[in-house]
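Since chain A is already given, all that's left is putting chain B on it; use the hints.
Number of protein chains: 2
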Amino acid sequence: MSDTEAMKVIIVGGVAGGASAAARARRCHEAAEIILFEKDEYVSFANCGLPYYIGEEIAERNKLLVATPELFKNRFNIDVRTRHLVQSINQEQKTVSVLNQKTGALSEESWDRLILSMGAAPLVPPLPGIDAGNVFTLRNLNDADTIKEYIKQHNCQRAVVVGAGFIGLEMVEQLHCLQIETELVELQPQVLPPLDPEMARLVQNELTAHDVKVHLGTAVEAVNVEDSKAVGVELGNGTSITADIVILGIGVAPAIELAKAAGIEIGNCGGIAVNEFMQTSHSHIYAVGDAVEYTHGVLEQPQRIPLAGPANRAGRISGQHAVTDSAHAMIAPMGTAIVRVFGLTAAVTGLSKKTAERSQRKNRSVIVIPKHHAGYFPGAESLFFKLTYDPETGQILGAQAVGKEGVDKRIDVIATALKFKGTIRDLAGLDLAYAPPFGSAKDPIHMAAFVAGNDLDQLTSIIEVDADLSGYQILDVRSQKEVDTFRFPEITHIPVDELRGRLHELDASQPLITVCHTGLRAYVAARILKQSGFENVQNLTGGMLMQRHARPEMFE
Amino acid sequence: MSDTEAMKVIIVGGVAGGASAAARARRCHEAAEIILFEKDEYVSFANCGLPYYIGEEIAERNKLLVATPELFKNRFNIDVRTRHLVQSINQEQKTVSVLNQKTGALSEESWDRLILSMGAAPLVPPLPGIDAGNVFTLRNLNDADTIKEYIKQHNCQRAVVVGAGFIGLEMVEQLHCLQIETELVELQPQVLPPLDPEMARLVQNELTAHDVKVHLGTAVEAVNVEDSKAVGVELGNGTSITADIVILGIGVAPAIELAKAAGIEIGNCGGIAVNEFMQTSHSHIYAVGDAVEYTHGVLEQPQRIPLAGPANRAGRISGQHAVTDSAHAMIAPMGTAIVRVFGLTAAVTGLSKKTAERSQRKNRSVIVIPKHHAGYFPGAESLFFKLTYDPETGQILGAQAVGKEGVDKRIDVIATALKFKGTIRDLAGLDLAYAPPFGSAKDPIHMAAFVAGNDLDQLTSIIEVDADLSGYQILDVRSQKEVDTFRFPEITHIPVDELRGRLHELDASQPLITVCHTGLRAYVAARILKQSGFENVQNLTGGMLMQRHARPEMFE
Chain A
1 MSDTEAMKVI
11 IVGGVAGGAS
21 AAARARRCHE
31 AAEIILFEKD
41 EYVSFANCGL
51 PYYIGEEIAE
61 RNKLLVATPE
71 LFKNRFNIDV
81 RTRHLVQSIN
91 QEQKTVSVLN
101 QKTGALSEES
111 WDRLILSMGA
121 APLVPPLPGI
131 DAGNVFTLRN
141 LNDADTIKEY
151 IKQHNCQRAV
161 VVGAGFIGLE
171 MVEQLHCLQI
181 ETELVELQPQ
191 VLPPLDPEMA
201 RLVQNELTAH
211 DVKVHLGTAV
221 EAVNVEDSKA
231 VGVELGNGTS
241 ITADIVILGI
251 GVAPAIELAK
261 AAGIEIGNCG
271 GIAVNEFMQT
281 SHSHIYAVGD
291 AVEYTHGVLE
301 QPQRIPLAGP
311 ANRAGRISGQ
321 HAVTDSAHAM
331 IAPMGTAIVR
341 VFGLTAAVTG
351 LSKKTAERSQ
361 RKNRSVIVIP
371 KHHAGYFPGA
381 ESLFFKLTYD
391 PETGQILGAQ
401 AVGKEGVDKR
411 IDVIATALKF
421 KGTIRDLAGL
431 DLAYAPPFGS
441 AKDPIHMAAF
451 VAGNDLDQLT
461 SIIEVDADLS
471 GYQILDVRSQ
481 KEVDTFRFPE
491 ITHIPVDELR
501 GRLHELDASQ
511 PLITVCHTGL
521 RAYVAARILK
531 QSGFENVQNL
541 TGGMLMQRHA
551 RPEMFE
Chain B
1 MSDTEAMKVI
11 IVGGVAGGAS
21 AAARARRCHE
31 AAEIILFEKD
41 EYVSFANCGL
51 PYYIGEEIAE
61 RNKLLVATPE
71 LFKNRFNIDV
81 RTRHLVQSIN
91 QEQKTVSVLN
101 QKTGALSEES
111 WDRLILSMGA
121 APLVPPLPGI
131 DAGNVFTLRN
141 LNDADTIKEY
151 IKQHNCQRAV
161 VVGAGFIGLE
171 MVEQLHCLQI
181 ETELVELQPQ
191 VLPPLDPEMA
201 RLVQNELTAH
211 DVKVHLGTAV
221 EAVNVEDSKA
231 VGVELGNGTS
241 ITADIVILGI
251 GVAPAIELAK
261 AAGIEIGNCG
271 GIAVNEFMQT
281 SHSHIYAVGD
291 AVEYTHGVLE
301 QPQRIPLAGP
311 ANRAGRISGQ
321 HAVTDSAHAM
331 IAPMGTAIVR
341 VFGLTAAVTG
351 LSKKTAERSQ
361 RKNRSVIVIP
371 KHHAGYFPGA
381 ESLFFKLTYD
391 PETGQILGAQ
401 AVGKEGVDKR
411 IDVIATALKF
421 KGTIRDLAGL
431 DLAYAPPFGS
441 AKDPIHMAAF
451 VAGNDLDQLT
461 SIIEVDADLS
471 GYQILDVRSQ
481 KEVDTFRFPE
491 ITHIPVDELR
501 GRLHELDASQ
511 PLITVCHTGL
521 RAYVAARILK
531 QSGFENVQNL
541 TGGMLMQRHA
551 RPEMFE
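Chains as they are written, first to last, in this note's numbering: chain A, 1 to 556; chain B, 1 to 556.
If you're looking for bench data, these hints aren't it; they were derived computationally from the structure.
Careful: at least some of the hints might be erroneous.
[Said to hold, decoys possible] So these bits of chain B aren't anywhere near chain A, every CB distance computed over 12 Å:
#	residue
1	V66
2	N90
3	Q101
[Said to hold, decoys possible] In the DSS-like style, the derived pairs of lysine-lysine whose C-alpha atoms are separated by at most 25 Å in a straight line are:
#	chain 1	residue 1	chain 2	residue 2
4	A	K73	B	K481
5	B	K404	A	K63
6	A	K229	A	K148
7	A	K404	B	K148
8	B	K481	A	K63
9	A	K481	B	K73
10	B	K148	B	K229
Heads up, the beta-carbon is just placed ideally off N, CA and C, and yes, glycines get one too.
Okay, chain A solo, but in the shape it has when bound (with noise of 0.2 Å):
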């Protein structure tokens, strides 16, 4: 269709996907008539900037308003409708009906393409008392209005979020600013479930050092209910938390229901199923963000993943394929997401070593934790960084960072990593950014590397994380006064620096594991016990310190 033949462009949802359509539409095609219908009262606010608004440290509410209805039309002569629920899609004669919830008109607008970003909607269990006042989910700016307003008026102490994925824990950083005493509810044994269960771990002590109370593996039974008020919870474990706000956040559930009405095909993860270009099972009706399934970068299989990233991307290339019928196709996705909780970051990207099983992906992980900055170099902090890897190609699968400093950028340069199909080796020889201040002439990224090369070219072997250790000779090389700290229960201990004058102390003949801090000097002790007749060596990955989060009761 070429610029100059007459096109209407219908948009239904104007948040990240349904806005970046619409502005690249008008930017490919000056001519097109375009309109965006949105249910709610706003376009394009930033939703990833809700629970920072509720906690205030986002101070200004218009900042959270990063385009009007007005800018659209002044700028881009786009016609936002808000408050205009699209009630059906006819196919065959490419129309849509819209009610104006302001009026209660009900009309039908025809279309030459339709542009479906209607997003998801947080899921609410049919539990008893959930419909109380004050039990709330956290979508768009009226909910952000409505809990903030209400802590406000009701003067909230005590609050419960329940679920601690992403969302959910950044409420809970939010209201713990607003000095709201909070606890945090999570049906898996983790809180991020995203991540493994070590690394999620480190995340969990950061919400008790500051009094956030954690709940896991149990699911909330019931809201208990006082004059049509939530007053707190019921846990399947019998607890009963006491609490004046109840915060849901145990994910979303994409808006289908149009698009399945219209006939329009639904994917095997209950997501639109959509081509390379947004277009959906009709080639005139595209579908963008947390409604799709994207192809997952690393998977090559279609998944929904519900995150702003991929959301505008996928707008953008829909707005321009949609007036030019062509596009650049989307790259796809690799699932990487963040979460500040705290002083902490937590991000993972592409697989975990769980969704890497889950999925049945040959996979091996290691861990280092070395400083994000030179260690010489003020102000250096521990990054923990785990590197999931196919254990016959050396490929890449995904990686999960946990600090205080420096954990998006490993996580961006696993992601890019990610997209080229790279494997260890490329990243052992990445030329990174190095003055002391930024990293270390051996990046985090470089040191997972070459521990996970080592162990593909069999100079060491290592042992996972979570591997049952039972059966084996456990060589402790860290120094005295570091096992004094803590040990496994059952250990041989010989410092690395005396390995080569005692190694008549141990047993060549059975199975052994090195172990130090984090696992660098029991990768020395074990090149020197594998080039001294040891046959069976292993070196645990992440070595102690990694330990006491991956078998906590071991050491508590």
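Relative to the frame of chain A, chain B by itself:
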């Protein structure tokens, strides 16, 4: 050669490359005899930390000693001999002759494999007065001790730093921390010669904002000496500077004499020629670090890259290859470098526009100036980001970034993409970690890639920051208030939001340039114009904000 064969490895030079080689060689070959000769007093010290030790940002001297000879002995069974100067190599006999500088004794040592890691020596120009006792270079810990002691003993008040490269800038910053009034002299017409001029100008402004006087495009012609002490310098432009200490940071010369005398091949760039395993023209002699030429990852030709990262990685590879005859090949470095200058960080990877021109690579550069994280989140800082790419294939050639926050992350992402010979299309789809404290749903990387992609697709043409603007109709689409602040002398002014209604005020037959604050609104304007019959429209990349730095004389 198998692990059990006798093997003797001599390593010459014990800092970044040599120390890495030694440790790796041991881990790969427990039985080898490994001797490390170092001409100075210390091995494995943190040379990148020296400026910060002088400036007392690193308070403890012993933090700089990463590994001592004792640690090398105890942990790695490596015989470290400091103050031993290797004077010659006998290739046929496979020996070196060594001077023990403590005793004056000369000896011969045989080797099966020899690894040269002798670094480079600071350049000292043959100027009158240059031999004065208080004209210093900074290369090793003794240099740092001497400078530190001199400053203290003589209560230095005024310093001149000669050379505005990475070390020069670090020294300026650190001397300023000591409350020493510091002036900077650079032969090039800009600071930080690896960067393009307008990007370097941002750094220059940061220096002058901290009362550092910067003398560009002029050389030191003489050091003024009184009582055998430097009391200042004379510049080629006639300026005299008073100072009680002079620091030279004008570059380094690779230490190739030993290799050259032994008949080892020297490359065209003046460094020792090596292959991907760091083997010199004599396959049993390896060389690494500042004395060699690496294959540059973008130029794909040999280049001297005297930086710590490549030295460490090359050392590790050479150490393994020397004792096992195999290793994973060195991945070509990209010349990635970074420096903190007061509150700013400046970094580069791959080619700048300048280096692309110099090496006759077709190139095009876009500049974006977004916030380093979500604009609505507190603490968002402007990030000046320049992306250089091949205008035909879209292949990334390099990037430069200057800003208060987030510089290292973006440069590392580009350095990673360069490894994979990525294109701007790849960058546009990277799944980077996003939450408001860490980035934007459309990251600066994406924004730059979008701009470059639009240019490549001829959606809009960008005009480069340093292009000749004469003969163009310039359309400034900013608000009246912005235009009043600073503007080009001859412009047409139509705010972008009024453009559709005022097209008749413009001459569509004339080549036209759109400009706004950073380039975003000018892009929207260019699209409107291009679709309204204006065939020759270009968008000034980086906008007026970058013009202030590219053509400061116009606005001063």
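(request) Give me the numbers of the hints this structure contradicts, sorted from smallest to largest. (result) Violated: hints 1 and 7.
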